[in-house]
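Sequence lines, in order, name chains S and X. Residues 27 to 220, numbered by our numbering, are exactly what the first sequence covers, in order. Residues 27 to 220, numbered by our numbering, are exactly what the second sequence covers, in order.
One or more hints might be untrue.
Because identical chains share one entry, a pair is satisfied inside a single copy or across any pair of copies.
No more than 25 Å apart at the CA atoms, straight line, and that leaves these computed lysine-lysine pairs for BS3-like [said to hold, decoys possible]: (1) 138 x 36; (2) 47 x 215; (3) 47 x 138; (4) 47 x 137; (5) 215 x 36; (6) 69 x 210; (7) 66 x 130; (8) 69 x 107; (9) 210 x 36; (10) 66 x 107; (11) 107 x 167; (12) 66 x 137; (13) 47 x 130; (14) 107 x 70; (15) 210 x 167; (16) 69 x 41; (17) 107 x 130; (18) 47 x 107; (19) 41 x 66; (20) 167 x 36; (21) 41 x 137; (22) 215 x 130; (23) 107 x 36; (24) 66 x 210.
Rather than coming from a laboratory, the hints here were simulated on the basis of the structure. For clarity, every value in this text was computed on a predicted model and none was experimentally measured.
So the chains spell out like this:
Number of protein chains: 2
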Amino acid sequence: MNCLEERILKDGIVKEGNVLKVDSFLNHQMDIDLFNEMGKEWKKRFEGANINKILTIEASGIGIACIAAQHFGVPVVFAKKSKSVNLEGEMYVAEVESFTHKCKNQVIVAKKFLNENDRVLIIDDFLANGCALQGLIQIVKSAGATVEGIGIAVEKGFQAGGRIIRNLGFQLESLAIVDDMDSKTGMIKFREEQ
Amino acid sequence: MNCLEERILKDGIVKEGNVLKVDSFLNHQMDIDLFNEMGKEWKKRFEGANINKILTIEASGIGIACIAAQHFGVPVVFAKKSKSVNLEGEMYVAEVESFTHKCKNQVIVAKKFLNENDRVLIIDDFLANGCALQGLIQIVKSAGATVEGIGIAVEKGFQAGGRIIRNLGFQLESLAIVDDMDSKTGMIKFREEQ
Numbered sequence: 027m028n029c030l031e032e033r034i035l036k037d038g039i040v041k042e043g044n045v046l047k048v049d050s051f052l053n054h055q056m057d058i059d060l061f062n063e064m065g066k067e068w069k070k071r072f073e074g075a076n077i078n079k080i081l082t083i084e085a086s087g088i089g090i091a092c093i094a095a096q097h098f099g100v101p102v103v104f105a106k107k108s109k110s111v112n113l114e115g116e117m118y119v120a121e122v123e124s125f126t127h128k129c130k131n132q133v134i135v136a137k138k139f140l141n142e143n144d145r146v147l148i149i150d151d152f153l154a155n156g157c158a159l160q161g162l163i164q165i166v167k168s169a170g171a172t173v174e175g176i177g178i179a180v181e182k183g184f185q186a187g188g189r190i191i192r193n194l195g196f197q198l199e200s201l202a203i204v205d206d207m208d209s210k211t212g213m214i215k216f217r218e219e220q
Numbered sequence: 027m028n029c030l031e032e033r034i035l036k037d038g039i040v041k042e043g044n045v046l047k048v049d050s051f052l053n054h055q056m057d058i059d060l061f062n063e064m065g066k067e068w069k070k071r072f073e074g075a076n077i078n079k080i081l082t083i084e085a086s087g088i089g090i091a092c093i094a095a096q097h098f099g100v101p102v103v104f105a106k107k108s109k110s111v112n113l114e115g116e117m118y119v120a121e122v123e124s125f126t127h128k129c130k131n132q133v134i135v136a137k138k139f140l141n142e143n144d145r146v147l148i149i150d151d152f153l154a155n156g157c158a159l160q161g162l163i164q165i166v167k168s169a170g171a172t173v174e175g176i177g178i179a180v181e182k183g184f185q186a187g188g189r190i191i192r193n194l195g196f197q198l199e200s201l202a203i204v205d206d207m208d209s210k211t212g213m214i215k216f217r218e219e220q
């Protein structure tokens, strides 16, 4: 069991509707030491991958991606979810649907920050049905860049997102894959590492 | 001239309407080495302050705050701008107006992550009219916690935000204070460090 899984068992809370609250250490309050352990683990799992940029999506992916970036020595680009008056120039745009917020968002990256020479590691905090991730992959593809790998903190293994992404041949490294959970008992069952 | 000011002169772009674009290194693509230098500088400027938590606001404050937090050895809490279905329980809420997005936002922090024992360093990327910052201060006050200091990357010195905050007696440390800029010539004039 790795440090993220241990932390989820200690401080994660299972809520009705398949909600796993990890807001005390992952996506509202953020434990930077834990993020560094996660960054180290991704660096090990993507050993040998020729990564020159990390791509994430606002808001809760940003902290994890920035700390992880220190282990790869690369800059981070975060995709925006809505058009800002400051985000001018040509943009890559993908439409994604949010499971949590129950609405559609546009995922946007300025074209100047992704090009065909980029070898991208995508980082995000959660993977459930995978719509946000699919949007990020679409954007990397639009830029002619390469997805070298995908690092996720918590994957909901009982939803389809992870399986689809692995079926498509991507190296997806989720540090904690929750295969089952129960809001009544608080039970959380992780997939065993291969 | 510090590393952030140098970088602004090198890569910042002045646009009409008093817009300073720093999206190639600060708030879309993010230079993590630069963030570490900024964190070091804030640690020096807040030497002796008894800080146990960093508070920032989504989205572009998060990366800077997380990297800076490593220099203080404290967790980061980021305020959210809109209500999420995952953000249940009691919340501190402040209403703020965004200069960039020309709309009002609610700034929200779950009550369990701020209490009267917290000595908070507020970190954000930009300070212009200061509405977002005022919202964060209001939230710290609502929690009965203490604002130990405020670290801003880029302050627009020709707008009122910074002056108001200093008038109120807060230790506000902006790493680059732009006192004047011109979109026609590209001129950027920084306030000299005291």
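Identify every previously stated hint that the structure contradicts and give their numbers, smallest first. Numbers 6, 7, 8, 10, 12, 14, 15, 16, 19, 20, 22, 23, 24, in rising order.
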